[in-house]
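**Q** Residue-level listing of the chains:
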Amino acid sequence: MRKNGRFMVGLVGVAAVVTYLIWTGVSETMVYYLTPVELMERVEADPTFRDVGVKVSGQVVKGSYERVEGELLHRFIVHDLVDASVTFPVEFRDALPDTFTDEVEVVLEGRLRADGVFEAATMLTKCGSRYEAAPEDLATDGTAP
Amino acid sequence: MTLLGEFALWISLPVALWGMVLGYTGGRTQRGDLVLSAERSVYAVFGLLILASAGIMTAFLTDRFDYYYIANYSNRELELFYKITGLWAGQRGSLLFWALLLAFFSSLAVFLNRSKNREFMPYVAGVLQTILAFFIIVLLFADVNPFERLGFTPANGQGLNPQLQNYWMTIHPPTLYLGFTAFTVPFAFAVAALLSGRLDARWIQLTRRWILTSWLFLSVGIVMGMRWAYEELGWGGYWFWDPVENASLLPWLTATAFLHSIQIQENRGMLKVWNMSLVLLTFLLTVFATFLTRSGLIESVHSFAQELRIAYIFLGFMGSVLAASIILILYRLPQLRSENQIESFVSRESAFLFNNLLFVGAAFTVMWGTMFPLISEGVTGQQISVGPPFFERVNFPIGLALLALAGIGPVIAWRRATKKNLQRNFMTPVIVGLVAAATIWIMGAHHPLALVTWGIGAFVLTVIVTEFWKATRARARIENEGYATALFHLVSRNRRRWGGYIVHVGIVLIFMAFAGAAYNVDERFHMVPGDVAEVTSPMGGTYQLTYEGLSVSLANGQRNLMWQAIATISVVKDGEPQGILTTEKRRYTTQEAGAPPMTEVGIRSYVGEDLYLILSALDDIEGAVAAESDAQGFDLQVLIKPLVSWIWIGCLMLTAGTLIALWPSVDRKRLAEAEPVAEPATAGAAD
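Protein chains in written order, with my numbering: chain A, 2 to 146; chain B, 481 to 1167.
Errors might be hidden in some of the hints.
Chain A side only, calculated, beta carbon under 10 Å to chain B, not exhaustive [what the hints assert, rightly or not]:
| hint | residue |
| --- | --- |
| 1 | V15 |
| 2 | V18 |
| 3 | T25 |
| 4 | K56 |
| 5 | Y66 |
| 6 | R68 |
| 7 | H75 |
| 8 | D99 |
Listing some non-contacts, in silico: residues in chain A with all C-beta distances to chain B over 10 Å [unchecked claim]:
| hint | residue |
| --- | --- |
| 9 | V27 |
| 10 | R51 |
| 11 | V62 |
| 12 | V83 |
| 13 | V87 |
| 14 | F89 |
| 15 | E120 |
| 16 | T123 |
The set of hints was computed from the structure by calculation and includes no laboratory data. Backbone N, C-alpha and C define an ideal beta-carbon position, used for all residues, glycine too.
Based on the sequences and whatever the hints tell you, model everything.
**A** Printed below as a string of structure tokens:
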């Protein structure tokens, strides 16, 4: 029985360590996942929210993309997926993913600077590989819209 | 042919249901005719699903764009190779392919046991048919029927996404699916053991090779996915903790735990309930992985739009399987009592147990992180997500502890390790590990996590090499053989043990390669022809990269290519010419208008590091395509990725080791007699 008891201490120890790792891991690395509308509301209600890391999903405004030559800097504007009138400019300083296109859905991680520009540290595009056309799109000419 | 395929898919459902009902009733009533019919129905479903898959393939090859699936994943210009592999290019085809592989393994399991293990087989057939029936129902009724028609015929299809037109991407999904589906067989045997009441280690012995096969496919499939990401996604990474990647990692973690814990049951008759739970958990996770890849439940680069119906069907199925299995386990609980108890904290049983807790713990953390956005949204209404930093922070310590156990487990004694046992086996390896870490520190690498990883790696490698050396020397002396012959005989006499050690070596190499990422170099340059970029490697040495110029070729739609702009860079390392390396932009006819071209990276692999060149952006795309001589400027990203090759080398070792362990033993009887009684300190170790 004593041996089993000692063993239980080991088990509980492992469980406790794993729980501790998850707990601290979550609290130190979590980011809020917001829509642009929510982000704007949050920042308005509480300006310190600017310093919190957030993830924002939105859609790239058609024709807004520009590249700053010579330094890996990309600028574009993103609008809310539902309310297209809510927009904000984005700066992204890294190689652009191949799936980045006009009007692509993106998930940006970074923070909204005081000047209203969202500085994105990472960018995910909704993967074009799994993009399936709606039947109506296929009807037109068979090539991609 | 395609119509016949669709018909075959519909017929397969009643056949599978028939087999399911007969399997269970045949097992209950012990009626041979019912059982035979159930087993034959497994073959029948396999045959029907072959027809269905052939139907889809024919549709691909004959450009039947009136089918929704074909229109979305092919077009006339697509290469033949990708038309053939189109069966698993998208969601609908993949699910059919999944069912086909499952039917194949089911038939194989039934065939191999057609005249033995009769107490299990009726139930095995029943369980396999239940799962097959479920997948066929999904195919037919969850809006994912690959045979769905559009109602009109588009002039051409959408074509296949260029990023999927890669060698690794055509073999990575099938390999993973083989791993997922093969695990269904051990699960079926476990349920059959519960239903039939034969609850000794027999079901484990019968399915050991199935488990290993499944594990091998899972491991190789995961590494292939890493290779694909590394070559094709163009940012030099191989793992992103993406939900879909995590989904394939989860069953791997629990299957690995299971692989270790069954050895305790075989050797010491303990952990019976635990093993049942692990096999159930792993099976559910393989279904979960299929479901996650194929639904938009969680934000991911791989997933797409919400498909709620399929989500409910999958969750309902998983819930039912879970509930039914738990009830069965509870019902048999009295017969699942442990025959022994753990005697000491310092023993091999204990090492195995910690191994299991850590693997399951790791699986839990990965699951938690993957599901966290959903959990937080459910609880607080606010989606909060955790990214790669979370998974790394949590899993690095767990991974390192597991790595250390890979060195401790094989040589610590069963039951109770004496002080002498510990000293004899661990003194040298621990010293070697410390010396290795210290040497690397003196050489200038001070990253703490990397140092710990390499130190532990050196410790484990020393343990394993010592084991090989001691046993080979002993055998050479006793049998009077040469060392090479002795080593060969040694390994072939106990493939399981020595194969397992080789797998461990592979895993250690992979871990040590991961740690190389602490020294990744990432530099950017703007280049015009004649420019030289200099990059110094953390492993010593300097690369001089000279931009020779841009060459443009117009493909005019062949293989769906419109044009390729290829930057040629000549590489000189420490004064030694290394030839040229190219990185390019490509535009495909199937890309959307206005979309930027795709990037192809240039990779040169050395033993110590990879040189990885990315054409980030062309200054002037139109000018470059028009071959204007002053439009050749571009942004070059140069990455140096230490030790990456060792991931692939480690995977080869892992494969070799698993194959050795899997290979049918010549001398099976003698082995069977020798194995159950473990010699203290050494025998019957890792698998």
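**Q** Evaluate each hint against the coordinates.
**A** Hints, one by one, checked against the model:
1. Below 10 Å, beta-carbon pairs count as interface contacts, and V15(A) has one with chain B at about 5 Å; its hint therefore holds.
2. Hint on V18(A) holds. Least Cβ distance to chain B is approximately 8 Å, under the 10 Å limit.
3. With a least beta-carbon distance of about 8 Å to chain B, the hint placing T25(A) at the interface is held under the 10 Å criterion.
4. A hinted interface residue such as K56(A) counts as satisfied when its beta carbon comes closer than 10 Å to some beta carbon of chain B; here the least separation is about 6 Å, so the hint holds.
5. A distance limit of 10 Å between C-beta atoms decides the matter here; for Y66(A) the minimum to chain B is near 9 Å, and the interface restraint holds.
6. The interface hint given for R68(A) holds, since its Cβ lies 6 Å from the closest Cβ of chain B, which is under the 10 Å cut-off.
7. For H75(A), the shortest C-beta to C-beta distance to chain B is roughly 9 Å, which falls under 10 Å, so the interface hint holds.
8. Below 10 Å, beta-carbon pairs count as interface contacts, and D99(A) has one with chain B at about 5 Å; its hint therefore holds.
9. A cut-off of 10 Å between C-beta atoms contradicts the statement that V27(A) is not in contact with chain B; the least separation is 6 Å.
10. R51(A), annotated as away from the interface, keeps every beta carbon of chain B farther than 10 Å; the closest lies near 17 Å.
11. No beta-carbon of chain B comes within 10 Å of the beta-carbon of V62(A); the shortest separation is about 13 Å.
12. With a least beta-carbon separation of about 14 Å from chain B, V83(A) lies farther than 10 Å from that chain, consistent with its non-interface assignment.
13. Chain B leaves V87(A) outside its interface by the beta-carbon criterion, the shortest separation being 18 Å against a cut-off of 10 Å.
14. Consistency note on F89(A): stated as away from chain B, and its beta-carbon is indeed over 10 Å from all of that chain's, at 19 Å minimum.
15. For E120(A), the condition that its CB be more than 10 Å from all CB atoms of chain B holds, with the nearest at approximately 16 Å.
16. Not every beta carbon of chain B lies more than 10 Å from that of T123(A), the smallest distance being close to 8 Å; the non-interface claim is violated.
The structure shown violates the earlier hints numbered 9, 16.
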